[in-house]
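With the hints as a guide, bring both chains together as one complex.
From first to last, the protein sequence lines are chains A and B. Per our numbering, the first sequence starts with residue 154, numbered consecutively. Per our numbering, the second sequence starts with residue 236, numbered consecutively.
Simulated from the structure, these hints should not be mistaken for laboratory data. Glycine included, C-beta positions come from ideal geometry on N, C-alpha and C. Be aware that one or more of the hints could be misleading.
To be verified - So, partial list: chain A residues that the calculated Cβ filter (under 7 Å) puts toward chain B:
#1 E168
#2 R175
#3 L179
#4 E196
#5 F198
#6 Y205
#7 M227
#8 E229
#9 L230
#10 R231
#11 F251
#12 E253
#13 S289
Unchecked claim - Not close to chain B: a few residues of chain A, all C-beta gaps over 10 Å, as computed:
#14 P165
#15 Q188
#16 L208
#17 H213
#18 A243
#19 R248
#20 P262
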Amino acid sequence: MMAAVAQRQGIPPFERFYQAHREEVLAYLRRLLGQRAEDAWQETFLRALRAYDRLEHGRHLRAWVFTIATRVAMDELRVKPRAPLEAEPAVELRRDAFREIEHLTDDLPPTERAAVVLRYAYDLPYDDIAAALGSSEEAARAAASSGVRRLRRSQ
Amino acid sequence: MTVDEQLDARFRAAAIREGLVDVRYDVIDSPVGELAIAATDGGLCRISYQVDGFDDELVRVFGARVLRAPLDDVRRELDEYFDGTRRTFDLQLDLRVARFHEDVLTALDRVPYGATTTYGALAREAGHPTAARAVGTVMNRNPIPIVLPCHRVVGANGSLTGYAGGLDRKRLLLRLEGATLAL
Numbered sequence: 154m155m156a157a158v159a160q161r162q163g164i165p166p167f168e169r170f171y172q173a174h175r176e177e178v179l180a181y182l183r184r185l186l187g188q189r190a191e192d193a194w195q196e197t198f199l200r201a202l203r204a205y206d207r208l209e210h211g212r213h214l215r216a217w218v219f220t221i222a223t224r225v226a227m228d229e230l231r232v233k234p235r236a237p238l239e240a241e242p243a244v245e246l247r248r249d250a251f252r253e254i255e256h257l258t259d260d261l262p263p264t265e266r267a268a269v270v271l272r273y274a275y276d277l278p279y280d281d282i283a284a285a286l287g288s289s290e291e292a293a294r295a296a297a298s299s300g301v302r303r304l305r306r307s308q
Numbered sequence: 236m237t238v239d240e241q242l243d244a245r246f247r248a249a250a251i252r253e254g255l256v257d258v259r260y261d262v263i264d265s266p267v268g269e270l271a272i273a274a275t276d277g278g279l280c281r282i283s284y285q286v287d288g289f290d291d292e293l294v295r296v297f298g299a300r301v302l303r304a305p306l307d308d309v310r311r312e313l314d315e316y317f318d319g320t321r322r323t324f325d326l327q328l329d330l331r332v333a334r335f336h337e338d339v340l341t342a343l344d345r346v347p348y349g350a351t352t353t354y355g356a357l358a359r360e361a362g363h364p365t366a367a368r369a370v371g372t373v374m375n376r377n378p379i380p381i382v383l384p385c386h387r388v389v390g391a392n393g394s395l396t397g398y399a400g401g402l403d404r405k406r407l408l409l410r411l412e413g414a415t416l417a418l
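If we strip away everything but chain B, and leave its shape as in the complex, we get (with noise of 0.2 Å):
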């Protein structure tokens, strides 16, 4: 007498075939521990570290209709990636953030794998060269960390300096990625 998956596996495609979910989620596993993934029809929109309270923060940005779905192509690339076997992303991307963080993400977004840059020099690149400080927020607040890069966003002595998701995670993923860390 209960919801089998086959029934629940057909009531959730039915559902995304017909355009109903703002956003779809999954939780998915990695060498950096679980990952809360999300996208919209426009793309990948939020990876999250925290997985509890990620459908709550899906509902005031994107709308309550938020489904639990695979994300194979978010999950395949990440894989991918966690493997060693790709150094950039082919995803879709829904950035839903004002102007001057999106202006600042998509610098950072040509920061390239294995290398490391500042809040300074990404700032300059971003076409705010005095913003280093406001940049160092839109790096805390990145709505897609792994594929958009802040992890390779470093201080100007070369110290870590913070990540949102623990700098033992961003120390893993520079290592992952051959960075030479200074300290």
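The following block holds chain A by itself, in its conformation from the complex (with noise of 0.2 Å):
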């Protein structure tokens, strides 16, 4: 008992948990979703609390909220994630770069559109994606590259 309590202590509040997140994930889920994005939203942190009582430590938890909102997302979206099937060498993209190509990820398909917003817009490394789409690492990269490649087409 007192093990599992010490062992607990890097958790913050949930209260400052929700305020270092709230907007990121809110802007995130509107890229995703548009209008639909409140009522994501307001889901993504219910069930962040549902399962806050069940967390072990306290690491990580921008790159957990976000894979909750990718989840969210995906169930509204009602996709099942997936690596896309031609296997083509990946692409990155520098930052600036994605800046002027950003506003076009909105025609992107959902799983690309998550991966790429997830890489570029809020710099998660690709395992925190991976586990954001419970998808492979492999998937996740590939998801991100056939995004870029078809925003580089759509520019």
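Structure follows, in structure tokens:
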């Protein structure tokens, strides 16, 4: 019992976690869902709160809440995340290059959109993006890559 | 592109309605300065003069699902108390303390508005007649000051002795209640 309490000491009060991430999660969901973002945003934080007392430590909470938000959004879009079929060489973007084509992300398929936005707008590493998409790291990398390629084509 | 007040309030209300919150808290103004107040589903559990770090303290005792939300009943009764229109509190309390503390705080709760008692007398009232010093410790750690009136406990010679919120606050609360102060 004491050990369990000590182990969980790195977990911030939910209020602080919520204050730290509520804006960026809403902005992210608006990119994925547009007008439907607000309900998904509330659902994201309710799911986080439901799971919060089962957290074992306070690390990676930002990636964790983006994972929840991504799943809520994919549920909303009724999309099963999957890797693109074609095996193409990975494409990476610089952040300033992304800013020039950022406005085009709305037209990407949902999984690619999530992967591209998490990677280039929120700077999440691919293992976190993979967790968010419920896929392998390789598939997450492929989804972002395919998204970038599509953005360049529509530029 | 920001979380507006309505969206924020809707989320907080939903979280509480679904019973997902271990403890709610708020910070209110009072004549003795800012007060941090907190409640669980069991009732009022904390009042603190120390607003900084209050939420971390709540995590340690009640769990990490800490959410800020208005505590209207608590605020109203405290406002009435400070206005001088309320002499006893009707709030349900969630006291999570050891047995000895509970005995002492229960006895403390019976000390009437505007009266004072001593550490020794309170020890006797609580059924622990030799524990006057330990009673001092219980007062110092009182989780719900003002409502559990540790400000009404003074030294045997009538001196104010001490108060977790500082002696100025203790004096102010006793004056508000019209208590006669020896010193």
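Consistency of the hints with the structure:
no., hint, verdict
1, E168, "holds (5 Å)"
2, R175, "holds (5 Å)"
3, L179, "holds (5 Å)"
4, E196, "violated (9 Å)"
5, F198, "holds (6 Å)"
6, Y205, "holds (5 Å)"
7, M227, "violated (21 Å)"
8, E229, "violated (17 Å)"
9, L230, "violated (20 Å)"
10, R231, "violated (23 Å)"
11, F251, "violated (18 Å)"
12, E253, "violated (20 Å)"
13, S289, "violated (31 Å)"
14, P165, "violated (7 Å)"
15, Q188, "holds (13 Å)"
16, L208, "violated (7 Å)"
17, H213, "holds (15 Å)"
18, A243, "holds (31 Å)"
19, R248, "holds (19 Å)"
20, P262, "holds (23 Å)"
When each numbered hint is compared with the structure, violations occur for hints 4, 7, 8, 9, 10, 11, 12, 13, 14, 16.
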